[in-house]
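Chemist: Model the full assembly from the supplied sequences, consistent with the hints where possible.
As given, the protein sequences belong to chains P and R, one line each in that order.
If you read the first sequence in our numbering, its first letter stands for residue 1, the second for the next number, and so on.
If you read the second sequence in our numbering, its first letter stands for residue 1, the second for the next number, and so on.
Wrong hints could be hidden among the right ones.
Here are the simulated lysine to aspartate or glutamate pairs, EDC-like style, with alpha carbons at most 16 angstroms apart [to be verified]:
hint	chain 1	residue 1	chain 2	residue 2
1	R	132	P	103
2	P	126	R	127
3	R	122	P	114
4	R	28	P	133
5	P	27	P	116
6	P	28	P	96
7	R	126	P	127
8	R	132	P	8
9	P	132	R	133
10	P	117	P	127
11	P	117	R	142
12	P	78	P	96
13	P	27	R	142
14	P	122	R	142
15	P	132	R	142
16	P	78	P	103
17	R	27	P	142
18	P	126	R	141
19	P	78	P	99
20	R	132	R	116
21	P	122	R	141
22	P	55	P	96
23	P	117	R	141
24	P	28	R	142
Residues of chain R placed beyond 10 angstroms of chain P at every Cβ, according to the derived structure [stated by the list, open to error]:
hint	residue
25	8
26	31
27	55
28	83
29	84
30	91
Think of the hints as simulated: they come from the structure by calculation, not from any bench.
Where a beta carbon is used, it is the ideal one built from N, C-alpha and C, also for glycine.
Each chain, written out:
There are 2 protein chains.
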Amino acid sequence: MNNLNSLDNCINFLLTGAQHAVFQYMKKNLAQFGITPIQYGVLGCIWEFDMHNPKDIATHLGVENSTISGILERMENKGLIRRMIDSSDRRFIHIELTDVSRDLEIPVRTVVTEVDKVVLAKFGEKEIGMLKDMLRRINAEEL
Amino acid sequence: MNNLNSLDNCINFLLTGAQHAVFQYMKKNLAQFGITPIQYGVLGCIWEFDMHNPKDIATHLGVENSTISGILERMENKGLIRRMIDSSDRRFIHIELTDVSRDLEIPVRTVVTEVDKVVLAKFGEKEIGMLKDMLRRINAEEL
Chain P
1 MNNLNSLDNC INFLLTGAQH AVFQYMKKNL AQFGITPIQY GVLGCIWEFD MHNPKDIATH
61 LGVENSTISG ILERMENKGL IRRMIDSSDR RFIHIELTDV SRDLEIPVRT VVTEVDKVVL
121 AKFGEKEIGM LKDMLRRINA EEL
Chain R
1 MNNLNSLDNC INFLLTGAQH AVFQYMKKNL AQFGITPIQY GVLGCIWEFD MHNPKDIATH
61 LGVENSTISG ILERMENKGL IRRMIDSSDR RFIHIELTDV SRDLEIPVRT VVTEVDKVVL
121 AKFGEKEIGM LKDMLRRINA EEL
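Modeler: Laid out in structure tokens, this is it:
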């Protein structure tokens with residue numbers, strides 16, 4: 001069995017462990033704004049990429065279309081977004097920021113930037129670039 | 001806002017995307033054995049590390065104690081493990097393999113080894129070592 005990979009060396013196990021640790025840390029740091037990591041993802045899509053369509057946002061975040069509507073509903077209930085429904089075509093939904101979420105951009109992005117620094121504090125700039133590039137390439141794979 | 005990190009460059013976003021892709025691929029490949037990635041994790045703890053205590057297994061897998069009992073119950077219902085309860089101390093549970101899960105070790109570990117190869121096919125040996133080492137170090141951080 002020497003050529004069989006060990007559980008502790010398996011890429012799924014390692015990614016799951018690292019993701020869980022970082023996700024929990026991010027969640028803890030975003031709690032002060034009353035938002036979750038996935039809600040930050042939605043806001044990031046609007047703040048940075050001017051996305052207003054639920055489908056585009058879902059695709060960008062790698063979330064199922066069926067999941068995104070629940071996320072957006074909770075965000076609307078919290079006053080973070082407004083969902084504008086086209087009266088002539090009810091399938092067409094346009095997402096807009098509110099004053100609350102507009103004001104959150106700088107403080108939230110400052111905290112997110114800080115989370116990255118803390119998580120990656122042990123690594124050099126070159127290592128960080130390599131890690132992020134590899135994660136991007138794994139993400140882009142047709143598995 | 002130039003010194004603020006972008007959503008697409010945030011380590012939580014990148015880890016979550018890569019983890020999701022690899023997890024789904026692992027899940028698809030394990031389905032032929034009727035087991036999920038976390039159930040493989042439990043079996044791996046017994047196969048490789050001779051762990052028999054639910055707490056040790058939960059700690060090794062980074063799973064909450066409250067979650068592990070549900071996982072073990074489903075595995076028992078599938079005939080993958082037996083849970084032996086000490087009659088003098090009902091909190092003490094000893095997990096044992098069954099003939100079914102004993103026979104699964106080589107085929108499952110062969111598929112898991114293959115999953116790693118496919119996911120990491122684009123990378124050189126040195127890059128893979130670096131990636132896994134960095135994920136391990138992130139996982140070990142006190143965040």
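Chemist: Hint by hint, note whether the structure agrees.
Modeler: Evaluated hints:
Distance check on the hinted pair: residue 132 (chain R) and residue 103 (chain P) sit about 39 angstroms apart at the alpha-carbon level, beyond 16 angstroms; violated. Taking the CA atoms of residue 126 (chain P) and residue 127 (chain R), the gap is near 13 angstroms; set against the 16 angstroms cutoff, the hint holds. A hinted pair counts as satisfied when its Cα atoms are at most 16 angstroms apart, and residue 122 (chain R) with residue 114 (chain P) does not qualify at roughly 31 angstroms. Note on residue 28 (chain R) and residue 133 (chain P): the hinted pairing is violated, with a Cα-Cα distance of about 25 angstroms set against a maximum of 16 angstroms.
About 13 angstroms separates the Cα atoms of residue 27 (chain P) and residue 116 (chain P), which keeps this hinted pair within 16 angstroms; it holds. Using a Cα cut-off of 16 angstroms, the hinted pair residue 28 (chain P) and residue 96 (chain P) is violated, with the two alpha carbons roughly 26 angstroms apart. Distance restraint check for residue 126 (chain R) and residue 127 (chain P): the Cα-Cα separation of roughly 13 angstroms lies within the 16 angstroms cut-off, and the hinted pair is therefore satisfied. A threshold of 16 angstroms between alpha carbons decides the hint, and for residue 132 (chain R) with residue 8 (chain P) the separation of about 10 angstroms falls inside it, so the pair holds.
Simply put, residue 132 (chain P) and residue 133 (chain R) have alpha-carbon atoms about 14 angstroms apart, close enough for the 16 angstroms limit, and the pair holds. At most 16 angstroms may separate the alpha-carbon atoms for a hinted pair to count; residue 117 (chain P) and residue 127 (chain P) meet this at roughly 13 angstroms. Proposed proximity of residue 117 (chain P) and residue 142 (chain R) is supported: the alpha carbons are some 14 angstroms apart, at most 16 angstroms. With a C-alpha separation of about 13 angstroms, the suggested pair residue 78 (chain P) and residue 96 (chain P) falls inside the 16 angstroms cut-off, and the hint holds.
Restraint check for residue 27 (chain P) and residue 142 (chain R): satisfied, since their Cα atoms lie roughly 15 angstroms apart, inside the 16 angstroms limit. Pair hint residue 122 (chain P) plus residue 142 (chain R) holds up; C-alpha atoms about 12 angstroms apart against a cutoff of 16 angstroms. The hinted pair formed by residue 132 (chain P) and residue 142 (chain R) fails the criterion: a straight-line CA distance of about 21 angstroms is larger than 16 angstroms. Between residue 78 (chain P) and residue 103 (chain P) the alpha-carbon distance is near 14 angstroms, which keeps this suggested pair within the 16 angstroms criterion.
Using a Cα cut-off of 16 angstroms, the hinted pair residue 27 (chain R) and residue 142 (chain P) holds, with the two alpha carbons roughly 15 angstroms apart. Distance hint between residue 126 (chain P) and residue 141 (chain R) is unfulfilled; the C-alpha atoms sit about 20 angstroms from each other, more than 16 angstroms. Distance check on the hinted pair: residue 78 (chain P) and residue 99 (chain P) sit about 12 angstroms apart at the alpha-carbon level, within 16 angstroms; holds. Of the supplied pair hints, the one linking residue 132 (chain R) and residue 116 (chain R) holds, its CA atoms being roughly 11 angstroms apart against a limit of 16 angstroms.
For the proposed pair residue 122 (chain P) and residue 141 (chain R), the alpha carbon gap of about 9 angstroms is at most 16 angstroms, so the pair holds. A distance of roughly 14 angstroms separates the Cα atoms of residue 55 (chain P) and residue 96 (chain P); the hinted pair therefore holds under the 16 angstroms criterion. Restraint check for residue 117 (chain P) and residue 141 (chain R): satisfied, since their Cα atoms lie roughly 13 angstroms apart, inside the 16 angstroms limit. About 13 angstroms separates the Cα atoms of residue 28 (chain P) and residue 142 (chain R), which keeps this hinted pair within 16 angstroms; it holds.
Residue 8 (chain R), annotated as away from the interface, has a beta carbon of chain P within 10 angstroms; the closest lies near 8 angstroms. At roughly 14 angstroms, the least C-beta separation between residue 31 (chain R) and chain P is larger than 10 angstroms, which holds for a residue marked as non-interface. Against the 10 angstroms criterion, residue 55 (chain R) stays outside the reach of chain P, whose nearest CB is about 17 angstroms from its own CB. Every beta carbon of chain P lies more than 10 angstroms from that of residue 83 (chain R), the smallest distance being close to 21 angstroms; the non-interface claim holds.
No beta-carbon of chain P comes within 10 angstroms of the beta-carbon of residue 84 (chain R); the shortest separation is about 23 angstroms. Distance check for residue 91 (chain R) against chain P: the nearest CB is about 26 angstroms away, which clears 10 angstroms, and the non-interface claim stands.
Hints 1, 3, 4, 6, 15, 18, 25, counting from the list given before, are not met by this structure.
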